[in-house]
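If you count the sequence shown from 1, position 165 lands on 203 in our numbering, and the numbers rise without skipping.
It is worth saying that the hints were derived from the structure and are not from the lab. Every residue gets a Cβ at the ideal spot worked out from N, C-alpha and C, and that includes glycine. Incorrect hints may appear among the rest.
Claimed, not checked - No farther apart than 25 Å at their CA atoms in a straight line, the calculated lysine-lysine pairs in the PhoX-like style are these:
1. K207 <-> K194
2. K194 <-> K204
3. K125 <-> K211
4. K194 <-> K184
5. K184 <-> K159
6. K200 <-> K106
7. K194 <-> K125
8. K211 <-> K122
9. K207 <-> K106
10. K174 <-> K125
11. K174 <-> K122
As the list claims (entries may be wrong) - Using C-beta positions, here's what the derived DEER-type ranges look like:
12. G222 <-> T176: 31 to 39 Å
13. E190 <-> L220: 26 to 34 Å
14. R213 <-> D180: 48 to 56 Å
15. D93 <-> I181: 35 to 43 Å
16. S175 <-> R100: 43 to 51 Å
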Amino acid sequence: MLRRSMIFTAVISGLLIFSMVQAQEQGARRRRTPGQADQPAARGQDEGARRGGADAAQYRQRMLDGIKEQLGASEDEWKELQPKIEKVLTVQRDTRGWFGGFTGRRQGGEEGAAAGQARSKVAQAQRDLRTALDDKSTPVEDITKKLAALREAREKANAELKAAQKELKGGVKDRQEAVLVLFGLLD
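Could you put the whole structure together from the sequences, leaning on the hints where they help?
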């Protein structure tokens with residue numbers, strides 16, 4: 039009788055240990071995203087792409103694909119919406135000028151506008167004002183003029199943004215409008 043209970047206990051313990059190991063393996067598989075590589079080197083490359091190693095065109099395409107998916111747009115709807123969305127994105131970028139903060143330079147010394155890319159009027163006005171401020175001998179009148187030019191460029195860019203947003207809003211359904219507001223494309 040004692041021997042049977044010991045065998046029974048050993049079998050139950052073995053089954054419990056086996057099921058716990060299986061549960062841990064399944065949990066680890068669930069935490070990984072589909073298509074995630076198992077090799078450490080490949081994971082490192084994926085990390086690099088997420089941190090900015092991928093070029094701007096790939097990033098923009100992934101963003102557009104995400105917007106399309108969230109909108110639930112058919113191919114025909116997307117053909118109508120995509121150019122309007124891209125216009126809003128471009129005008130939004132132009133209204134901000136550069137992302138380089140106080141100095142107007144990106145990491146690595148690159149100017150606020152990417153190499154070969156046209157600088158927006160806002161970015162140009164920001165650059166002109168920054169240049170004037172960096173030169174301690176610039177007369178106050180020049181700084182005032184450059185500041186006024188920056189404000190005017192921003193006002194024009196904001197008006198252009200409002201027009202692009204109005205055009206985009208006219209071509210979407212209520213649910214899609216809500217998605218675009220969440221993405222920051224509409225107010």
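Going through the hints against the structure:
1. Taken as a hint, the K207 and K194 pair is honoured in the structure, with Cα atoms around 20 Å apart against an allowance of 25 Å.
2. Taken as a hint, the K194 and K204 pair is honoured in the structure, with Cα atoms around 15 Å apart against an allowance of 25 Å.
3. Proposed proximity of K125 and K211 is supported: the alpha carbons are some 19 Å apart, at most 25 Å.
4. With a C-alpha separation of about 15 Å, the suggested pair K194 and K184 falls inside the 25 Å cut-off, and the hint holds.
5. Restraint check: the Cα-Cα separation between K184 and K159 comes to about 12 Å, which is no more than 25 Å; the hinted pair holds.
6. Annotation: proposed proximity of K200 to K106 holds, straight-line Cα distance about 22 Å (limit 25 Å).
7. Of the pairs offered as hints, the one joining K194 and K125 holds, with about 15 Å between alpha carbons and a cut-off of 25 Å not exceeded.
8. Between K211 and K122 the alpha-carbon distance is near 14 Å, which keeps this suggested pair within the 25 Å criterion.
9. With a CA separation close to 15 Å, the supplied pair K207 and K106 stays within the 25 Å bound.
10. Distance hint between K174 and K125 is unfulfilled; the C-alpha atoms sit about 39 Å from each other, more than 25 Å.
11. For a cut-off of 25 Å, the pair hint linking K174 to K122 is broken: about 44 Å separates their Cα positions.
12. Checked against the hint of 31 to 39 Å, the pair G222 and T176 passes, with Cβ atoms roughly 36 Å apart.
13. Between E190 and L220 the C-beta distance comes to about 31 Å, which sits within the given range of 26 to 34 Å.
14. Distance hint check for R213 and D180: the Cβ-Cβ separation is about 51 Å, which falls inside the suggested range of 48 to 56 Å.
15. Evaluation of the 35 to 43 Å hint for D93 and I181 yields a pass: the beta carbon distance comes to about 37 Å.
16. The given range of 43 to 51 Å is respected by S175 and R100, whose C-beta atoms sit roughly 47 Å from each other.
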